[in-house]
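Trainee: As they're listed, the protein sequences go chains A and B. Taking this note's numbering, the leading residue of the first sequence gets 1, the next gets one more, and so forth. Taking this note's numbering, the leading residue of the second sequence gets 159, the next gets one more, and so forth.
Rather than coming from a laboratory, the hints here were simulated on the basis of the structure. Any given hint might turn out to be false.
To be verified - Facing chain B, a subset of chain A residues (Cβ under 7 Å, in silico): (1) S21; (2) L83; (3) D86.
What the hints assert, rightly or not - Think about it this way: if two alpha-carbon atoms lie no more than 16 Å apart in a straight line, the pair counts; the simulated EDC-like pairs of lysine to aspartate or glutamate are: (4) K224/B <-> E175/B; (5) K118/A <-> D246/B; (6) K72/A <-> D246/B; (7) K315/B <-> E20/A.
Think of the CB as a built atom: it goes at the ideal place given N, C-alpha and C, for glycine as much as any other residue.
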Amino acid sequence: MNTSLIQNASKLLQVQLAPESGIAPDTASSLCLLSDAAQMLEDSTLPPLRSARILALYYAVRLAMQCHQACKAPDSQLARRLLDGDYLYSVYLDLALKWEEFDLIAALAPFIKKIQIKRAEGAPQDELLLQGLSRFIRTACKMLNDSARQQTLAAEAI
Amino acid sequence: MKLNEALQIPLTSIDREITNIVKHDPDVPRSSELAGAITGLIASGGKRLRPLMVIVGSRFGPASDKRKIWRLAAAAEFIHAASLIHDDILDDSPLRRGRPATHTQTGIYPAVHIGSYMSARVVELIAEYSADRKRYVFDLSSMATSRLCIGEYQQLKHAFDYDLTLDQYLEKSRNKTSLLMAACLRIGAQAAGADEDISGRLYEFGDKLGLSFQIRDDLLDFTGTEEQLGKPAGSDLRSGQVTLPVLFALEDAKLAQRIRRVGPSTSSEEVDGVLAAIRSSGCLERAEAYSLRLLEEARRLADGLEGFEAQRDLYTLLDYFGCRSK
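If we strip away everything but chain B, and leave its shape as in the complex, we get (with noise of 0.2 Å):
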């Protein structure tokens, strides 16, 4: 079962939404590359967790006004969008969903604004329907991608940097990736009245959550195809991306001397030897266990909240996420 309908979700009025965004812009022209290039990306898939986790949020508070929650994930997911269609420039991917990414369709200049239109229609539309502000701020804030692209800035600046820290790493995937899925949790609960001790709980266990997810999204660089990736395996390593696997295969005095020969002119065959040494290793299984540890730490917090309906769409999350539900 998909994880939306686990969650009782449908993805049809999901996408509904997120469309509406761009289709109820009056200054968009319907026939224009833009409005063609983000409807065609939305429907080009995407797993939608980010609105997923506003929504289960949302169940952890009194009031349901629905129209505005959805309206939130749906903003929550352009957000995500629009960092796509930047981050494929950023890592110069021609593909995106298997299919050419935004800036392949357009050339690069039309995408970098098509994604940043995106990014100010979101603001836009929160200031409009935001009459308070409290909520304005806070929905405004969570928003707000600062952190992402401080991660960024980390990534760049670390990029065949076989120093990296562990804590170091750990920061910019929180940056990068689990920040703003703790945010999607806790706006959620705020717009549903939530009090502050439960969405502060929701915040915690998106953030181990997100963590868990991006060691996961690390680790399929190592076992994934290239079908399944949409890019070549080992892409990471091989645009210096030092990720935890690769931390852990540092440690080991050998395999280290190795690795460190990798940079941004190292040939194909000697990173694939590189891969296959760290395959081998039992890193992977390391990265793999400290990925389920933190699930078993959002999965105590999940236990917390019990008296919820909704804690069972906490343990479908970390199903989802692969760990062993209660």
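Chain A with its partners taken away, still in its complex shape (with noise of 0.2 Å):
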């Protein structure tokens, strides 16, 4: 697989990061979370930067997801793991809406709500997340290529 996009999605989400919170997401966790995700994108007709944002922003609500899978017990690490996990989310719907990611924002919020049903039941479904994003990604591709075959339509007509 090709890992300059999970290098690319991971450094846009890198710099959208305020330093106050000093999250710094390493490479060898961008690749285990994101490798699943990144193929399904690299197979799609979607534009690379648009890619690498779709993908910046599943890594934003993964990691969220890992830092709130760690909440468990009262330790000294408790409190920062849960706010790294509620900043993360915040992250991901503000960069979403920067980049006018508004059907992901969408498409996504049924999810992510039913991961954390599951996961407060105690019976985890954590692979909703990917399942959510590949409707996603079937949709736009199917949006886009509609999109292309009108202005083909429409050119030809002229």
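Two chains, two frames, some hints: make the complex.
Mentor: See below:
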């Protein structure tokens, strides 16, 4: 797999994180968390910059989930993990709005919500996030192809 | 008279709308621990300041899609309640409004995800009902809590930091409290079609009001009883929070020496002594005066909104927050 998409996504997210947070995702974690999603995006017809942005947003949510997953016992790192998770989720929303990925927010919202419900019930289904992303990518590619087809037809008509 | 009564807003309707957010979620079984924890938290009361502000803000706009406004108001409280669940874990507070906090009832891991569910549910709802893209962006960005998190980071970073500046204190308080209150007034106004200038002025009003509210909250830590506060008096100082009265007290060289000795392992008796010294130093009165100055500035902003019937609601809010009304 081409890792440049993951590197680009990682950089895009990193520069948006406030220095106060001190969050610095490492390369190993990005490869581990993003490889499936990166493959899906590479196989799609979405433009490179948009793919990198979508992957960066997905990364923020995965990292938030990872932080909250570790919030189990009242140890010295609990507050930090909880706060990092909350912050990363809010960064996901802020960035998605900034990059006008409104459909992504709408598409992932029910999946992210269900992940929280399942975790609260003690029966996690974290794979739902990748399923949500996969569905979104399919829809986004279809919209892109439809739009390209319409433009071609319009050009031919002229 | 209670604030909601003075504003002629029935709290029962707000509470019903808030409860409906979880009750009408088809993915949540009614008998689940998650549903029980959320409805229990809502039923435990609270001032509902944020939804009240959304509704007051909406009275400055020409359109009145009541359903939309009430849903937004409920969403604002839902986000606030989510942050309270996480705050109690962050602060290791076993009680909320005199009852066991959510994490005390469910354990930490479920409580973390109940809070996160609440945030995610609001995003899902806003995405569902906002057909208009511009509105959608506005409502969602107002509900996004990144500033709140940054405020928390600043609080963690500056625990027991007696070199905190007034500007840093104000920035942290804005991020933690007043910006969301200001955003509530603004989203109400915008949802009702108020123009940018009016909603901007309401935002500024809410910012000053919220900051004043935070300072009064800081003061309560010195003046309130354990029963009133739901936690031992002086908890802020014990946990390293440098609030406005402490900042003022640090200007006194002798008192500063005693305050700077307070750390995570300082005995309760020593902290009690420092609290008593701050109480008798005149610093509480200075902080109170600072809070009143902010309310006065807010009042001047309210004065500039003559011609709106809802101007009186701003004075009601000022009264509630301790300022004389016009």
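Trainee: What are the numbers of the hints that this structure violates, sorted from low to high?
Mentor: 5
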